[in-house]
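Peer 1: Protein chains in written order, with our numbering: chain A, 1 to 314; chain B, 1 to 314.
Treat the hints with caution; some may be incorrect.
Identical copies go unnamed one by one, so any copy, or any two together, can satisfy a pair.
No farther apart than 20 Å at their CA atoms in a straight line, the calculated lysine to aspartate or glutamate pairs in the EDC-like style are these [said to hold, decoys possible]:
#: 1; residue 1: K242; residue 2: E179
#: 2; residue 1: K259; residue 2: E99
#: 3; residue 1: K231; residue 2: E213
#: 4; residue 1: K242; residue 2: E258
What the hints contain is simulated information worked out from the structure, not anything from laboratory work.
Chain residues, written in single-letter form:
Protein chains: 2
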Amino acid sequence: MRAVTIRDERIVIEEHTDPEPGAGEVQVRVRAAGLNGADMHQRLGRYPAPRGSPQDIPGLELAGEVAALGPGAERFREGDRVMGIVGGGGQAQLAAVHERQLMPVPRALGWLEAGGLPEVFTTAYDALFTQAGLRSGERLLVQGGAGGVGTAAIQLARAVGARASATVRSAELRPRVQELGAHPISPDGFAAHGPFDVILELVGAPNLPGNLEALATMGRIVVIGIGAGAKGELNLGVLMAKRARLFGSTLRPRPLEEKALTARALERSVLPLFDSGNLEVPVAAAFPLDRAAEAYERFAAGNKLGKIVLEIGD
Amino acid sequence: MRAVTIRDERIVIEEHTDPEPGAGEVQVRVRAAGLNGADMHQRLGRYPAPRGSPQDIPGLELAGEVAALGPGAERFREGDRVMGIVGGGGQAQLAAVHERQLMPVPRALGWLEAGGLPEVFTTAYDALFTQAGLRSGERLLVQGGAGGVGTAAIQLARAVGARASATVRSAELRPRVQELGAHPISPDGFAAHGPFDVILELVGAPNLPGNLEALATMGRIVVIGIGAGAKGELNLGVLMAKRARLFGSTLRPRPLEEKALTARALERSVLPLFDSGNLEVPVAAAFPLDRAAEAYERFAAGNKLGKIVLEIGD
Numbered sequence: 001m002r003a004v005t006i007r008d009e010r011i012v013i014e015e016h017t018d019p020e021p022g023a024g025e026v027q028v029r030v031r032a033a034g035l036n037g038a039d040m041h042q043r044l045g046r047y048p049a050p051r052g053s054p055q056d057i058p059g060l061e062l063a064g065e066v067a068a069l070g071p072g073a074e075r076f077r078e079g080d081r082v083m084g085i086v087g088g089g090g091q092a093q094l095a096a097v098h099e100r101q102l103m104p105v106p107r108a109l110g111w112l113e114a115g116g117l118p119e120v121f122t123t124a125y126d127a128l129f130t131q132a133g134l135r136s137g138e139r140l141l142v143q144g145g146a147g148g149v150g151t152a153a154i155q156l157a158r159a160v161g162a163r164a165s166a167t168v169r170s171a172e173l174r175p176r177v178q179e180l181g182a183h184p185i186s187p188d189g190f191a192a193h194g195p196f197d198v199i200l201e202l203v204g205a206p207n208l209p210g211n212l213e214a215l216a217t218m219g220r221i222v223v224i225g226i227g228a229g230a231k232g233e234l235n236l237g238v239l240m241a242k243r244a245r246l247f248g249s250t251l252r253p254r255p256l257e258e259k260a261l262t263a264r265a266l267e268r269s270v271l272p273l274f275d276s277g278n279l280e281v282p283v284a285a286a287f288p289l290d291r292a293a294e295a296y297e298r299f300a301a302g303n304k305l306g307k308i309v310l311e312i313g314d
Numbered sequence: 001m002r003a004v005t006i007r008d009e010r011i012v013i014e015e016h017t018d019p020e021p022g023a024g025e026v027q028v029r030v031r032a033a034g035l036n037g038a039d040m041h042q043r044l045g046r047y048p049a050p051r052g053s054p055q056d057i058p059g060l061e062l063a064g065e066v067a068a069l070g071p072g073a074e075r076f077r078e079g080d081r082v083m084g085i086v087g088g089g090g091q092a093q094l095a096a097v098h099e100r101q102l103m104p105v106p107r108a109l110g111w112l113e114a115g116g117l118p119e120v121f122t123t124a125y126d127a128l129f130t131q132a133g134l135r136s137g138e139r140l141l142v143q144g145g146a147g148g149v150g151t152a153a154i155q156l157a158r159a160v161g162a163r164a165s166a167t168v169r170s171a172e173l174r175p176r177v178q179e180l181g182a183h184p185i186s187p188d189g190f191a192a193h194g195p196f197d198v199i200l201e202l203v204g205a206p207n208l209p210g211n212l213e214a215l216a217t218m219g220r221i222v223v224i225g226i227g228a229g230a231k232g233e234l235n236l237g238v239l240m241a242k243r244a245r246l247f248g249s250t251l252r253p254r255p256l257e258e259k260a261l262t263a264r265a266l267e268r269s270v271l272p273l274f275d276s277g278n279l280e281v282p283v284a285a286a287f288p289l290d291r292a293a294e295a296y297e298r299f300a301a302g303n304k305l306g307k308i309v310l311e312i313g314d
């Protein structure tokens, strides 16, 4: 099979041995695979894939058809449309994935949308609800609202009756963010728009003082992106006075059983909302496998609304 | 009635009008009242009492006998031994307290212990269990283990099967901390003793980097004391990688219904352990009401094991 391959920090396409499905695993013929921030870090050697995942093939998510079943696999049949998060190796023509990590693709979604769904909707759902406990009527601020996780979070908040605002650097992307359901605001002076019950931080530590200032009593900040910097000053006095909570979270290092639990939560609480039209997967651009290097450049350039997805053929 | 009174940052004893119990309130003839860090701040004008509490009479906790019942009060009878947290005004001969904030005094406890129990055991219980979710088998670090909240936290951890370590600056106090159930360690280089699942921070921001270093994956830090400083550097990358949580908490500004809930939790889960001998209230020193200024000096001097309590007569 052919796959995106990292060679000396370059993105190339190389031939690899087909992955065989082990016990409880499914071999997926990949049709689409979204790009994520972690791919950029992995390319630069700063975010190695977990043990048991391909080290040189990037890709944290995929969608495709079940091509073969490993011993004991029983959740799906050959030909079923599936999608899911993987530890690595998603950007390839074939991938072996544990069946408990896979979800059925909602009928309303095409391959590109399905390939760009798992990572950002799982991340946003886990951060907003499992971690921060966002509830109807609460006010959410998404720091970095135009990206994949941001657009997912905005829609999820709207779907449960929360009121979202989102910082969007690019003025031209703000109308689209508003359509998705958030009040778009400039990152400059965002703190004046509070108080917020939950803040989803996708940008980094420079926002920390403003986040704390803009937080409501009993507010929660969930940090899942730090591209703009990791270290910032925290005022514990304000944290105490507001009885605030600050959570850090990542999905990738979690054990299989936890990843399976997040997949079940998504199946139950999120996937039905794609078929009912409450949620969509905004795809900013799609690239065929051969042009993966270009897709990486596009992702790194930013200023996009939603996902960059690889389209993968036979 | 006579009461501790704050006059120009000085502690004096003055005559005040007796507080009458309002609807649902109980008039308590106070027998003992513990001192707390908040009293020190209030004395300096940095921590005003919440609305509805006496502004010039300090005191966040008390124990005594029910002297009179306000309209509709029904939980206690005249003469019952009660104790509880109050918004202020605890360091007086009489106090009017809502009956839902009061708890019965365990039989095993004398007045001094009862007067020093509510604030620190409620604070420690709320921080360790309600906030941080400490469970049996987990490792706890108490930053500042010799004080009132620290000694309560150590005992509560031991009582539920958690394993506590505690930083104690004074070498002479360490054997007593060990008797209470914690492995006593020096504050210098504490991070080498990790990983800890829960860290209870009673000292302040200077511990923040070491706390994060010493924290286990999925670990929780609860900040409820910042005497050594409020502002510190936080590495959000470590917070994410460890999927860590940082909570700030205070009891005082909470509404009556939340304070009542913490009182019910204490009645159910903590008070029985005093009668069974699992818990005690270490009292470092007691002072009669007339010597309250001395009690404040003793509290501020630190280097004590447990509570400073005022003994209040008729």
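Peer 1: Tell me the numbers of any earlier hints that the structure contravenes, in ascending order.
Peer 2: 1
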